[in-house]
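Heads up: the sequence lines are chains A and B, in that order.
Residues 1 to 274 (the numbering used here) make up the first sequence, in order.
Residues 1 to 137 (the numbering used here) make up the second sequence, in order.
To be clear, the hints were calculated from the coordinates, so they are not data collected in a lab.
Positions of the beta carbon are idealized from the N, C-alpha and C atoms, including for glycine.
Please note that the accuracy of each hint is not assured.
[Unchecked claim] Computed cross-link-like contacts, SDA-like style, restricted to lysine to any residue with a CA-CA straight-line distance of at most 20 Å:
1. 203/A to 245/A
2. 30/A to 29/B
3. 30/A to 87/B
4. 226/A to 188/A
[Said to hold, decoys possible] Here chain A is said to cover these stretches of chain B; the calculated rule only asks that three of the stretch's residues, wherever they fall, bring their Cβ under 8 Å from a Cβ of chain A:
5. 40–46
6. 67–79
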Amino acid sequence: MRSIYYLFTRFYVLIFFVLLEVFALTLVYKSHKYQEVRFLNTSGAFTGTVLDYVNEVNTFIHLGTNNKILMEENTRLKKLVAYQNVYPDDSSLPKNSGTYHFDYIPAKIVNNTINKSINYITINKGSKDGVQKGLGVISSNGVVGIVTNVSENFSLIMSVVSVKSLIGVRHKKTNALGNLRWNGEDPYTLQIDGLSKTLPIKKNDTILTAGFSSIFPPEIVVAIVKQLEPDESTSFYNMDVRLTNNINTLSYVYVVKNEKKKELDSLQIQMINE
Amino acid sequence: MIYPLTILLLPVFTPRLVVLLLAFFTGLIIDIFSNGGGLHTATLTAIGFSRSYMLDTFQPRSGWDKLDVPNISQQGVTWFFYYSLIMFTMHHFLYFFLEVFSFANFFSTIFRTFLSLLGSLSIVWIISLFFMRNTRE
C-alpha cells in the first residue's frame with residue numbers, strides 16, 4: 001500500500017498525463033473512425049451562442065460570397081416555383097423531366113439610373129450566359145424591365161421606370177388586364193391603364209404580371225395600387241401604383257428565360273400573317 | 001497555430017500538474033470551437049507534459065530562479081529561438097500526424113508540417129519581439 005502511495009506521489013504527473021492523453025487520443029480515434037461522431041463539436045448550446053457572435057462578424061466579412069450563394073439558391077427555388085405555376089397539377093407529370101418552362105439567370109446590377117425618361121440598368125451577364133434581347137428581368141420582389149441590348153458579358157435592361165416601357169399586368173382580385181406604364185414624372189409612381197371603371201378596384205390592391213406573355217412568369221407581384229380615380233373622358237381608371245421593388249436600390253436581378261418563347265412567338269407571328 | 005505559446009510561456013516553477021491540466025483544457029476549448037475532434041487536446045497535453053523535461057534540459061548554468069519565465073526578455077533571443085523551435089516542431093509533427101492518422105503519404109505530411117511550422121514560428125517570433133524588454137540589464 002505504501003509503495004502504491006509512493007508511486008502515486010512520485011509519478012502523479014505522469015499518471016495524469018497518461019489518463020488525459022488516452023482520453024484525448026480516444027476522441028481523435030473516434031473522430032477518425034466515425035465521421036458523424038464528434039464529441040467535441042460546435043453544436044452545443046454554449047458554443048453555439050458564442051459562435052453565433054463570431055459568425056455575425058464572419059458573415060459580414062463574407063457578405064459578397066454569401067449573397068452569391070443565396071442568389072443561386074433562389075434561382076433554383078424560383079425554377080421550382082415557376083414550374084409549379086406553369087403546371088398547377090404536377091402530380092401527373094414527371095417531376096424530374098428537366099424541362100422547366102422558365103429558366104432564370106442570376107445577374108448583378110453594374111449600373112443603374114432612375115433620373116432619365118428612359119432608364120437603363122446594366123447587368124453583368126451577357127450572351128455568353130444565355131441572355132438574349134427581349135427577355136424579361138425580375139428581382140426577388142417584382143419586375144425590373146426588359147433586356148434591350150446584349151453584349152458578350154453585359155446586358156442593358158430598359159427598366160419599367162421608362163416612358164417607352166409597356167408591360168402587361170393583371171389586377172389580382174378581378175383578373176382584369178391592364179398595361180403598366182410610366183408617365184415620366186415620379187420614378188416611384190407608375191401608372192396602369194386599361195382597367196375598366198366598372199371594376200371593384202380599391203387602394204392597396206395587388207397587381208400581378210399578366211402571365212400569358214412569354215416574357216414574365218405568371219403570379220409575380222408587380223405593384224400596389226396607390227391612388228385611383230375614374231377618368232371622366234374614358235371608361236378607364238386613372239391609376240397610380242407603387243412598384244413592390246425599389247428599382248433604385250436593387251443589386252441582384254434574374255433574367256427570365258422562357259424556353260418556349262421562340263416557339264410561341266413564331267406561332268403568333270404565323271397567326272398574324274394569316 | 002501559435003496557441004502552444006500559452007503553455008510554453010508559463011512560469012518555470014508552475015506546478016507540473018497545473019501545466020498539464022491547463023494544456024489539456026486549452027486544447028479542449030480549441031477543439032470545441034474548431035471542431036477539432038480531440039486533435040488539439042491530444043497534442044497540447046503532450047506539449048504540457050514534455051515542457052518540464054525540456055526546461056530541465058535547457059536550464060541555465062546556475063539553475064532556474066524562482067520567478068523565472070521562459071520568455072524572450074528573460075532568457076534571451078537565442079535561448080528562446082531554440083526553445084520555441086524544438087517545442088513547436090514537436091507540436092506540429094504530432095498535430096499533423098494525428099490529423100492524417102496514418103503514415104501513408106508520409107512525405108506530404110512532413111511537407112505540410114514544415115510549411116505550417118515556418119508560418120507559426122515566424123508569427124511567434126514576431127509577437128515575442130514585440131514583447132521583448134531588456135530586464136536583464
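Here is how each hint holds up against the structure:
1. 203/A to 245/A: 18 Å, holds
2. 30/A to 29/B: Between residue 30/A and residue 29/B the Cα gap is close to 18 Å, so the pair holds against 20 Å.
3. 30/A to 87/B: 27 Å, violated
4. 226/A to 188/A: Measuring from Cα to Cα gives roughly 11 Å; hence the hint holds.
5. 40–46: Per the Cβ count (4), the hint holds.
6. 67–79: Since 0 is below three, the answer is violated.
Violated hints, listed in ascending order, are 3 and 6; each of the other numbered hints is respected by the structure.
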